[in-house]
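According to mature numbering (1 follows the signal peptide of the UniProt record, and there is no 0), the sequence shown holds residues -19 to -1, 1 to 116 in order.
None of these hints come from the bench; they were simulated from the model.
Mixed in with the good hints there might be a few duds.
Distance windows between CB atoms, simulated [said to hold, decoys possible]:
#	residue 1	residue 2	range
1	Ile5	Arg89	34 to 40 Å
2	Glu62	Arg85	20 to 26 Å
3	Ile33	Arg85	18 to 24 Å
4	Ser7	Ala67	17 to 23 Å
5	Arg32	Glu62	32 to 38 Å
Since this is a predicted model, take the numbers as computed values, not measurements.
We put the CB at the ideal spot given by N, CA and C, even for glycine.
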Amino acid sequence: MKTLLKTTLLLAALCPALAAAEPIASPTPEQCRTVLSEFAMFEAFIAACPRIARAEIDTRTRLNNVYEGFARYGECGKQIESEPIASMLREHPAIRLLGQDGKRRPSRAEADAFCRRHRGDLTRIVLKYNPGRNR
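Please model the complete structure; the sequences and the hints are all you need to start from.
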């Protein structure tokens, strides 16, 4: 998951559309904990439940808008090595589903259960990081 976060933060730095996002100057540790947790959930949902994620996110443009929302918290990437955040991520349901390196292949039953249990979380995250999107 750490690799996924760093990749997204790098993408945010390089992509003009994402770079246009006004960054959050100095997010609090609590904000960073929340952002990193929600990012892990978002990435796990895309990996485990691509059809549901596509239906919720709608289009690639919307996906970029959500990543732009996450990119505003780029400073949080520096805190990922801290012990409180590392321990929180180790216990995160998305990390348990996909493994520490993000490469574990969950069983179909595990993925389906994860998708059912956390679909509301995906909706909340998409709305939070892409506030212009209304259903």
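Each hint, compared with the structure:
1. Here the CB-CB span from isoleucine 5 to arginine 89 is close to 38 Å, well matched to the stated 34 to 40 Å.
2. A C-beta distance of roughly 22 Å is found between glutamate 62 and arginine 85, which places it inside the suggested range of 20 to 26 Å.
3. Taking the beta carbon of each, isoleucine 33 and arginine 85 are about 19 Å apart, inside 18 to 24 Å as hinted.
4. The supplied range of 17 to 23 Å is met by serine 7 and alanine 67, whose beta-carbon atoms lie about 21 Å from each other.
5. At roughly 34 Å, the beta carbons of arginine 32 and glutamate 62 sit within the given window of 32 to 38 Å.
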